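Student: In case you want the letters, here they are:
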Amino acid sequence: MNYSNPELLARLAADYVLGTMPPRSRRRFEKIVLDSPAARRALRAAEEQLLPFAEQLPPRPPSDRVWRSIELRVQPASRASATDGARAATSGWWQNLVFWRSGALVALGLFLALGVTQFGPRWWQPAPAQTAGMGGLAQSYVAVLSDAGQVPAFLVSAQRYQRDVHIKVLRPQTLAAGKILRLWALPAGGEPRALGDLPTKDKGRLELVASAEDVLSKIPYLAVSIEDAGVPAAGRPSGDFIYRGPCVKLW
Amino acid sequence: MASPDAQTLSDLIARSALKDQRAFKQLYDATSARLYPVALRILRRQQLAEDVLQEAFVSIWQRADSFIGTECHPMTWLTSIVRNRAIDTLRSQKPEVSLTREDSENEDDAQREIEDEGPSPLQMLVAAADARQLRHCMDRLEPSQRQSIALAFYQGLSHQELAAHLEQPLGTVKAWVRRGLEKLGRCMQQHAAA
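Those sequence lines, one after another, are chains A and B. All residue numbers in the first sequence are consecutive under numbering that gives the first Met the number 0, ending with 250. All residue numbers in the second sequence are consecutive under numbering that gives the first Met the number 0, ending with 193.
Derived by calculation from the structure, the hints in this document are not laboratory data. Hints may contain errors.
Claimed, not checked - Take a look, some chain A residues computed to stay more than 12 Å from chain B by CB distance:
id: 1; residue: Y2
id: 2; residue: R25
id: 3; residue: S35
id: 4; residue: Q74
id: 5; residue: Q172
id: 6; residue: G203
id: 7; residue: D227
id: 8; residue: I241
Unchecked claim - Each computed DSSO-like pair below joins lysine-lysine, with the alpha-carbon atoms no more than 27 Å apart:
id: 9; chain 1: A; residue 1: K178; chain 2: A; residue 2: K200
id: 10; chain 1: A; residue 1: K167; chain 2: A; residue 2: K202
id: 11; chain 1: A; residue 1: K202; chain 2: B; residue 2: K18
id: 12; chain 1: B; residue 1: K173; chain 2: A; residue 2: K30
id: 13; chain 1: A; residue 1: K167; chain 2: B; residue 2: K173
Quick caveat, the model's predicted, so the values are computed rather than measured. Backbone N, C-alpha and C define an ideal beta-carbon position, used for all residues, glycine too.
Chain A on its own, in the form it takes in the complex (with noise of 0.2 Å):
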């Protein structure tokens, strides 16, 4: 189809606005209005012809726990390492937990760690164009490490296609001096991979060789070890892990 017909784009604008437009045909005309001014000058012609209609809705509010769903998602993320007296609230919360060994509550207590309480029926469904901020969190793996007696210390997660991993300290770390902590992938059946080195405190980034994608889909376990600081992150762990949890797929 020619893009650049007025004709074609009015109509086509209408017919999105309407809301007529079949889904696939509404996925490609968000992408053609991305990429093309005179569609989305259509697009913008046929909302403000269109969408002033809805005035006429007699006006209803809705309930309470609407804003207090979208409060607690707009605050800043710095909310979740705020005061002392919140972080011991919060550790306390999660030493209660003695279940960490399901995938499933894992991701749980992470929605509710990222201070994300609601997602709408759509969050987790593909973003139907690679932009930023759709609705909710960006697809990542997460994880939380816990040790044997199911506390957590670390959260850790990587954007899908990001190399960057973000760590943020659940518990903060007192090791020996010259000693390190150093993250590792567990594949199914394979040798431990070193990912890189951990803060002790506080938050933390490494970066991958690859994106998270690469690195980390068939990867089911994260893991922790202790290591002499100036030894190269390559090789097997010199002792046991500490540390380890499900690295699980947040979409």
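Assemble the complex: chain A is given as a structure, and chain B must be docked to it using the hints.
Tutor: Here is chain B on its own, set in the frame of chain A:
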């Protein structure tokens, strides 16, 4: 109820783009009662419509900067976000919605049958045209064209649902919508130019 003042809303959106949470709350208070019915009418279920409204406002918070410089009427911009999300949700939820609609024991019934309350889609379309002094544009449409546009706009009916609802072949209904929209668009353009 009159729309909230456009300049005030534009300012609130601009301040939301700067992550001013108080402005964002004011924006929500000023518009949510008008935007919620947009989603509710299309989705016909309170829970689903509230979820969509919530997602839409999170999106508004995240995308508020994209409003600046669009020269859109703020209410149009806000409505488009809510409506697009509601339509996408309706299409993706279709099987579940139709299923529960048939299951008339459900307590959501009163909300689902919301089209029986208040003005009909056609009445709203005509009233909206009156409000915008576009009655002459509406009068140029065939009754079948008006009816199908009203049902599609206010209730999110797809071409197929329109065909079923109006008991007409799909091709006929598509032509009604298309010709109706073309006529309406032309007339509104002339009206705006005059």
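Student: Between A:K202 and B:K18, does the CA-CA distance stay at or below 27 Å?
Tutor: Measuring from Cα to Cα gives roughly 23 Å; hence the hint holds.
Student: Beyond 12 Å from every chain B Cβ: check whether that's true for A:R25.
Tutor: Nearest chain B Cβ is 7 Å from A:R25, so the label is violated.
Student: Need the status of pair B:K173, A:K30: alpha-carbon distance at most 27 Å?
Tutor: holds, 23 Å
Student: Would the least Cβ to Cβ distance between A:D227 and chain B come out above 12 Å?
Tutor: It holds; A:D227 is separated from chain B by about 44 Å at its closest Cβ, greater than 12 Å.
Student: Below or equal to 27 Å on CA atoms is what counts here, so check A:K167 against A:K202.
Tutor: holds, 4 Å
Student: Taking the minimum C-beta separation from A:Q172 to chain B, is that value above 12 Å?
Tutor: A:Q172 clear of chain B: closest Cβ-Cβ about 33 Å, beyond 12 Å.
Student: With a cut-off of 27 Å on the C-alpha distance, tell me whether A:K178 and A:K200 pass.
Tutor: Judged against 27 Å, a Cα distance of about 14 Å means the pair holds.
Student: With d taken as the least Cβ-Cβ distance between A:G203 and chain B, does d exceed 12 Å?
Tutor: holds, 25 Å
Student: Say whether it holds or is violated: A:I241 keeps its Cβ farther than 12 Å from all Cβ of chain B.
Tutor: holds, 37 Å
Student: For the pair we were handed, A:K167 and B:K173, check the Cα-Cα distance against 27 Å.
Tutor: The given pair, whose Cα atoms are some 54 Å apart, is violated under the 27 Å limit.
Student: Does the claim that A:S35 lies off the interface hold, with its Cβ farther than 12 Å from every Cβ of chain B?
Tutor: holds, 16 Å
Student: Minimum Cβ separation between A:Q74 and chain B greater than 12 Å?
Tutor: Violated, because the least Cβ-Cβ distance between A:Q74 and chain B comes to about 8 Å, which does not exceed 12 Å.
Comparing the model with each numbered hint stated earlier shows that hints 2, 4 and 13 do not hold.
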